[in-house]
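Asker: The listed protein sequences derive, respectively, from chains A and B.
Throughout the first sequence, residue numbering follows the working numbering, covering 177 to 464 in sequence.
Throughout the second sequence, residue numbering follows the working numbering, covering 36 to 521 in sequence.
Please keep in mind that the hints were generated in silico from the structure rather than gathered at the bench.
Worth double-checking, as some hints may not be accurate.
Not close to chain A: a few residues of chain B, all C-beta gaps over 10 Å, as computed [unchecked claim]: (1) Asp149; (2) Met163; (3) Lys224; (4) Leu230; (5) Glu242; (6) Lys275; (7) Pro306; (8) Val368; (9) Leu494; (10) Ala514.
If the Cβ cut is set under 10 Å, some of the chain A residues that face chain B in the computed set are [what the hints assert, rightly or not]: (11) Glu221; (12) Thr225; (13) Tyr409; (14) Ser424; (15) Leu452; (16) Val454.
Positions of the beta carbon are idealized from the N, C-alpha and C atoms, including for glycine.
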Amino acid sequence: MSLPAILLFLLFNYLPMGGIILAFKDFRYDLGILASDWVGWSNFEFFFTSQDAWLILRNTIGLNLIFLAVGLTLSVFVALLLNELRGNRLVKTYQTIMFFPYFLSWVVVSYAFYAFLSTRSGILNQLFHVLGLESVSWYTEAHYWPFILTFAAVWKGLGYWTVIFYAALIAIDQDYYEAAAIDGAGKLRVVLSVTLPMLLPIILVMALLQVGRILNADFGLFWFLPMQVGMLYETTQVIDTYVYRALSVTGDVGIGAATSLFQSTVGLLLIWGANLLVRRVHRESALF
Amino acid sequence: MGKHGILRLFLAVAFLVLGSLGLGAQTSEPVKLTWYIVGSWPQAGQEEVFAKFNTELIKRANIQIEIRALGWGDYDQKMKVLNASGEAYDIAFTAPWMNNYVQNVSKGALLPLDDLLKKYAPKTYASMAAKYWDAARIDGKIYGVMNQQIFARTSAMGGRKEFYDLAGVKLPQYPEFIADLKQLEPFLKALKAKLPANVTPLEIQWESLREHYGYEQLAPGVIVYFDDKNAKAKSEFDSKEFKAYYDLIRKWNVDGYLHGGEWVSVKDRAPAFKNGEIAFGVGGTYKPGGDVELEGQYGGMKAVSIPMSAPVATTSGIVATMFGIGRNSKHPVEAMQFLELLNTDKELYNLINFGIEGKHYTKVDANYIEGMKDSSYSPNILWELGTTFNAYLQKGQPADVWTQTKKLNESAKASPLVGFNFDGEPVKKEIAQVDAIWQQYGRLVNNGIGSDKEYREILDKVKKAGVDKIVAEADRQIAAWKSSKK
Numbered sequence: 177m178s179l180p181a182i183l184l185f186l187l188f189n190y191l192p193m194g195g196i197i198l199a200f201k202d203f204r205y206d207l208g209i210l211a212s213d214w215v216g217w218s219n220f221e222f223f224f225t226s227q228d229a230w231l232i233l234r235n236t237i238g239l240n241l242i243f244l245a246v247g248l249t250l251s252v253f254v255a256l257l258l259n260e261l262r263g264n265r266l267v268k269t270y271q272t273i274m275f276f277p278y279f280l281s282w283v284v285v286s287y288a289f290y291a292f293l294s295t296r297s298g299i300l301n302q303l304f305h306v307l308g309l310e311s312v313s314w315y316t317e318a319h320y321w322p323f324i325l326t327f328a329a330v331w332k333g334l335g336y337w338t339v340i341f342y343a344a345l346i347a348i349d350q351d352y353y354e355a356a357a358i359d360g361a362g363k364l365r366v367v368l369s370v371t372l373p374m375l376l377p378i379i380l381v382m383a384l385l386q387v388g389r390i391l392n393a394d395f396g397l398f399w400f401l402p403m404q405v406g407m408l409y410e411t412t413q414v415i416d417t418y419v420y421r422a423l424s425v426t427g428d429v430g431i432g433a434a435t436s437l438f439q440s441t442v443g444l445l446l447i448w449g450a451n452l453l454v455r456r457v458h459r460e461s462a463l464f
Numbered sequence: 036m037g038k039h040g041i042l043r044l045f046l047a048v049a050f051l052v053l054g055s056l057g058l059g060a061q062t063s064e065p066v067k068l069t070w071y072i073v074g075s076w077p078q079a080g081q082e083e084v085f086a087k088f089n090t091e092l093i094k095r096a097n098i099q100i101e102i103r104a105l106g107w108g109d110y111d112q113k114m115k116v117l118n119a120s121g122e123a124y125d126i127a128f129t130a131p132w133m134n135n136y137v138q139n140v141s142k143g144a145l146l147p148l149d150d151l152l153k154k155y156a157p158k159t160y161a162s163m164a165a166k167y168w169d170a171a172r173i174d175g176k177i178y179g180v181m182n183q184q185i186f187a188r189t190s191a192m193g194g195r196k197e198f199y200d201l202a203g204v205k206l207p208q209y210p211e212f213i214a215d216l217k218q219l220e221p222f223l224k225a226l227k228a229k230l231p232a233n234v235t236p237l238e239i240q241w242e243s244l245r246e247h248y249g250y251e252q253l254a255p256g257v258i259v260y261f262d263d264k265n266a267k268a269k270s271e272f273d274s275k276e277f278k279a280y281y282d283l284i285r286k287w288n289v290d291g292y293l294h295g296g297e298w299v300s301v302k303d304r305a306p307a308f309k310n311g312e313i314a315f316g317v318g319g320t321y322k323p324g325g326d327v328e329l330e331g332q333y334g335g336m337k338a339v340s341i342p343m344s345a346p347v348a349t350t351s352g353i354v355a356t357m358f359g360i361g362r363n364s365k366h367p368v369e370a371m372q373f374l375e376l377l378n379t380d381k382e383l384y385n386l387i388n389f390g391i392e393g394k395h396y397t398k399v400d401a402n403y404i405e406g407m408k409d410s411s412y413s414p415n416i417l418w419e420l421g422t423t424f425n426a427y428l429q430k431g432q433p434a435d436v437w438t439q440t441k442k443l444n445e446s447a448k449a450s451p452l453v454g455f456n457f458d459g460e461p462v463k464k465e466i467a468q469v470d471a472i473w474q475q476y477g478r479l480v481n482n483g484i485g486s487d488k489e490y491r492e493i494l495d496k497v498k499k500a501g502v503d504k505i506v507a508e509a510d511r512q513i514a515a516w517k518s519s520k521k
């Protein structure tokens, strides 16, 4: 029964792993993958000897952690609110509205944000003007961007995450609620003592999966939303955009492969480490 | 099946066999080539033009060509993927600034063409002096066929003639040129005073002023001055020219000649020129009759172009537009024959560049044409698709424009490094990093919104990124190149 799935997995996930050797090669078009020269670790030097390596790592990990924390908290909260709604139609409507941004491409979103943030004609600055406030040059001031990026990332992903948590919520056996009601528990008590504990496994699983991707930034978000403005790099440059930008000049496949191998290796270690931690605290929620 | 049935069957088969033999004897299958080009594609009328181009091509050389015309934004990326995946293609546009020529050669994407050129494109080969072919040589071999055009580079600025007249301040005309950017100040001041408030006087780019400042760039952050007989490589940013530019542009921003912060980020320059949001732009190269070509950039309005340096011949100017033949091409001979046709057959050249007569342009007389208004085919890339010297003259161009161009090419001062191509492979990490720094700070510099702090940051970061290593590598390659010439 599971044969097709296994085949697909082998074909699309395991077979291409052979390409990992590119990370250790000086790839030449005419020699091909196998015959190109081995160059040891020199492809890895590019990223680690970059003077901005630390800044880029900080942005990638820091922002991803913020997205994770804010996104998780908000979507669990919204799922709880949805659960309180009576009437299926209302729930569907809210879900659809919240899910919609998930389908928009980052290019579209970036222009929507530009309409708000543009210095001369942006909606926000015009509002500031009416209120008698100084206008803000959003696209040249780096320190606003952690907030803008977090807002955008959470706004776009909220519907998707909420659906997952809401699905887990409605699967909770009604008997628990009835028992709680008989014991005279209030709304908040029920949430704290019944709903959240029942939801914990799925929250942990979702968090674990995200932790594994902590070094992989959402390229579309970081590339399009800040409109590639150099002055914002201090807070918007992440591994994926830096490598893309640098390699679009030299077109070096080896360096690209090396960097992404590094991201994946760290991701694997993180998942493994986080899983170990989860096993200590809450054994049945661990992935493996 | 009766007797007649068998007979009929036999006849039918016989006819079929004979028929196909007969056809086969008349014409052999045309050879199919693929050709990658870049430009403002797609054009609404391109299918029709490409079809006609193919009909003509089959008539002349029994070659059929599939034209894969890609947009400016897609081409470079797409060619990298094609080359890396080893897909077979026959001909592709390659240059220092698009689908990087030297990189393609050093990574083995292109075929050496010396023998093919001499054998199958003798006229094209003879049409250019040896010194020009030398510019295309890498380790002694030619990998690309240049499209003949203006080879000399002259920094220039351009804009609408109405704005120029409005300012009422005379600027130097060729062969005079703006030798110092400060000469522009009275002009900019007048522009600022007389233009409507929503029109920005100037858009300027450090990258477009290399000839003006008298150097050529070998790699990001590394330059060689034209008047340096020893051709010693230097750091681009640690120079008095960069400092002077940095400070002057800051002042101009304060004076309100530039577009300031808003433009740092988002806006595209092309549409801003077209609809007159920016009056003048620095960029491109000065060329005889160039004002007419510029009109397209300024929404069909009359344009002027002002030289900002003396003409200089550099390697990158000579090999600025080339066609290479792909390493995996199955028909390199026919591909070269096609390039010979493109460069020698006026009719073919003008068809692919201007479209179909009566549909996309009208003939004014034997040499002059006029484009149709809102034509469905006007790629406007004469310099890419074959030698421009075969082009019809466009209304407004002087009759001897191509003679003038050839003269300008010949009169240009030659850089000490004509014929030298820098191979960035050994220092690719450093190059990628220096370039990333310029991508970060470039717009800030060109809009004059940086301070002394950013200036020092640029110098400091470029140094840390290893610009000295690139300089040393360039010096090493230049020395090797010099000794190979002796």
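Asker: Hints broken by the structure, by number, lowest first?
Answerer: 15 and 16
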